[in-house]
Amino acid sequence: MTDTEVPMVQADQVSKSFGSNQVLKSISLTVRRGEVMVLLGPSGSGKSTFLRCINHLESVDAGRLRVEGTLVGYKEKGDKLHELHPKEAAAQRREIGMVFQRFNLFPHMTAIENIIEAPMRVNKVGKATAIARAKELLTRVGLGDKGDAYPAHLSGGQQQRVAIARALAMDPKLMLFDEPTSALDPELVGEVLDVMKKLAESGMTMIVVTHEIGFAREVADSLVFMDGGVVVESGDPREVLANPQHERTKAFLSKVL
Amino acid sequence: MTSSGPDRSAPGSTPSPHGADAAPVVKAVRLRHPWRNLIAVIILIIAVAFIWDAAGRTAYHWDIFGKYVFDKRISEAAFNTLQLTVYSMVIAAILALVLAVMRLSSNPVFKSISWFYLWIFRGTPVYVQLTFWGLLSVIYPTLSIGLPFMHPWLEFPTGSTLTFFELAIIGLALNESAYLAEIVRAGILSVDRGQEEAATALGMTWTQSMLRIVIPQSMRVIIPPTGNEVISMLKTTSLVTAVPYSLDLFARSRDIATSLFAPVPLLLVASAWYLAITSVLMVGQYYLEKRFARGIGAARPTKGAGGTTAAPTTTAQFEVVSEAYNTDEKEHQ
Ligand SMILES: Nc1ncnc2c1ncn2[C@@H]1O[C@H](COP(=O)(O)OP(=O)(O)OP(=O)(O)O)[C@@H](O)[C@H]1O
Ligand SMILES: [Mg+2]
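Residue numbers (my numbering), protein chains in the order written: chain A, 1 to 257; chain B, 1 to 333.
For the record, the hints were derived by calculation from the structure and aren't laboratory data. Bear in mind the structure is a predicted one, so any value in this text is a computation, not a measurement. The C-beta atom is built at its ideal place from N, Cα and C for all residues, glycine as well. One or more hints might be untrue.
Below 27 Å or equal to it, Euclidean Cα-Cα: the simulated DSSO-like pairs (lysine-lysine) are [unchecked claim]:
no., chain 1, residue 1, chain 2, residue 2
1, B, Lys290, A, Lys146
2, B, Lys111, A, Lys87
3, A, Lys25, A, Lys80
4, A, Lys127, A, Lys87
5, A, Lys197, A, Lys146
6, B, Lys67, B, Lys235
7, B, Lys72, A, Lys127
8, A, Lys197, A, Lys25
9, A, Lys173, A, Lys75
Taking beta-carbon pairs under 8 Å as the criterion, some of the chain A residues facing chain B (in silico) [stated by the list, open to error]:
no., residue
10, Gly73
11, Lys77
12, Asp79
13, Lys80
14, Arg93
15, Arg121
16, Tyr150
17, Pro151
18, Ala152
Footprint (simulated), chain B over chain A, 3 or more residues, beta carbon under 8 Å [as the list claims (entries may be wrong)]:
no., region
19, 84–91
20, 104–117
21, 166–172
Put together the whole structure using the sequences plus the hints.
Rendered as structure tokens:
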């Protein structure tokens, strides 16, 4: 099976600057199909920027970033990279789901409308099919009865679960989570992590930026610790958490553990 | 008028029977406003006196007012004014959307064009602009379509192609679009950037995320000042005499007044019509605002969701019920 040998995500010396501020400094890492990777690091270390590069919400300055072997946001012609047309970039993003810290649900639409919007507009799925699928997804995240609720009438945890269902409705092959529980009251964190855990068990490839060490230890297959735009340390989460090799990792873990 | 009886105490609390034998709560005496009441009474007296006086005052010529308020010439002129308002607002809104998007784009050429347009059309009086549009056929006797410095493909004489009515609409629309563009821009900027980002991450194109996600949300911010602009436009149409277009409400009333030597009653006639149209427009604005407040207006997660949120469900249920009832009926027939 050569297919399984193509990694889901492969970053090869990826760099990114905002003006003179170099946020990502030659990041190299690999995420296998079905792998759950937790990205850990202090504020400003470039975790969000890296996630956003993966679905080309930000463009990479240097290095190569591939999803299933395909360059993200660029076409390779000879030894030059050509930026994709916005339409082609949009087509690439369809297959990558993203969940945000502040949910970013569409407030003028009900939960169902939020979920069916992209399948109907982007993938041209029929309305009845889209609604049936949306209801199935809502049930899967434990919100079968909340389809007609507007986001403002849902708790933070419920909103984030709708946001996860919305991303799943596009049948992504990769899910990116940017601190999905950081904006939640502590008692609501568990319900979102449970959904993510079930998703991981179903075989979804996931990259998760989080400070939930318990989730990293229990669910993740790999852990990457970033600081100052570089990968400081990576490996099996249980090993890294129990026995960090780097001073910076130790210092960070002593604060969050 | 103001009853401060027990039934009006404590708004917001659950309505309990008067003098209920529940645990004795603090007896709240509502704050009284004696000055407020006094001023209200004085104003009421002045208003009544003014109306009483006006009804009997001969200068108002209520008989002429009554004769002309529903005159065919006046109601036709009112319809022309309404048309001027609606057409120029619709064109202005479309132009404004384009201008606002151009202003917000990262393309420096678009940005400058939009900025320059706003500078010209906001920087000169609308009366002057309308006069210019009226002189269009003097400045440009022919309108031609083709490439610069080459023989035109099509050529029209300006004067017979564009009527004063159309020139008035163009003049009003171009001027208004500059103001509306700023309102639209503020509306778009008021939408959280995360919204466009979420739409983009779902694979939606920029146009899709604009039309489906950003602009519907910006409507909440855009509609109130735009309602203001519509009402303001209704009254600005009285300046089209500069074009010169003379069949609008104000010009028509003035012409009739001149022939009758009675300016006052026809000013009242025009005012009554302007007020009536404004009132209708305000009702329209109310419903538009309600429409675009969906999901945002009732942000309080109330149990049993009273008021606005409950209403749609009840209507939906009602529709289902009445539909079932109708099919029943058909079966019986
Ligand atoms: N659009 C932008 N323009 C300019 N600078 C930016 C932009 N986005 C991020 N940055 C900068 O890049 C750096 C890394 O930001 P990033 O959001 O990736 O960090 P992070 O690891 O996700 O931090 P946090 O835990 O606070 O979310 C920060 O210094 C930030 O100020
Ligand atoms: Mg971040």
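Would you mind confirming whether the straight-line C-alpha gap from Lys25 (chain A) to Lys80 (chain A) stays at or under 27 Å?
Holds, at about 21 Å.
27 Å Cα cutoff - pair Lys197 (chain A), Lys25 (chain A):
Cα-Cα ~31 Å, so violated.
Closer than 8 Å Cβ to Cβ for three or more residues is the test here. Does the region 166–172 of chain A pass it with chain B?
Satisfied; 3 residues make the cut.
Has the given pair, Lys127 (chain A) with Lys87 (chain A), been kept, meaning a C-alpha gap of at most 27 Å?
Given pair Lys127 (chain A), Lys87 (chain A) holds - Cα atoms ~23 Å apart, limit 27 Å.
What's the verdict on Lys67 (chain B) and Lys235 (chain B), does the C-alpha distance respect the 27 Å limit or exceed it?
The hint holds at about 24 Å.
Does the nearest C-beta of chain B fall within a distance shorter than 8 Å of the C-beta of Arg93 (chain A)?
holds (5 Å)
Using C-beta distances, would you say chain B covers the region 104–117 of chain A, given that this needs three or more residues below 8 Å?
This one holds; 8 residues, not fewer than the three required, reach chain B with a Cβ under 8 Å.
Between Lys197 (chain A) and Lys146 (chain A), is the straight-line Cα distance small enough, at 27 Å or below?
holds (21 Å)
Is the hint on Gly73 (chain A) kept, meaning its closest Cβ partner in chain B is under 8 Å away?
violated (12 Å)
Starting from Lys111 (chain B), check that the Cα of Lys87 (chain A) is at most 27 Å away, please.
Roughly 23 Å between the alpha carbons, so the hint for Lys111 (chain B) and Lys87 (chain A) holds.
Arg121 (chain A) was flagged as interface toward chain B. Is the shortest Cβ-Cβ separation under 8 Å?
Interface hint status for Arg121 (chain A): holds (5 Å vs cutoff 8 Å).
Three residues or more, CB to CB closer than 8 Å: is that satisfied between the region 84–91 of chain A and chain B?
Coverage by chain B holds for the region 84–91 of chain A (4 residues, Cβ < 8 Å).
When held up to the earlier numbered hints, the structure conflicts with 7, 8, 10, 11, 12 and 13 and fits the remainder.
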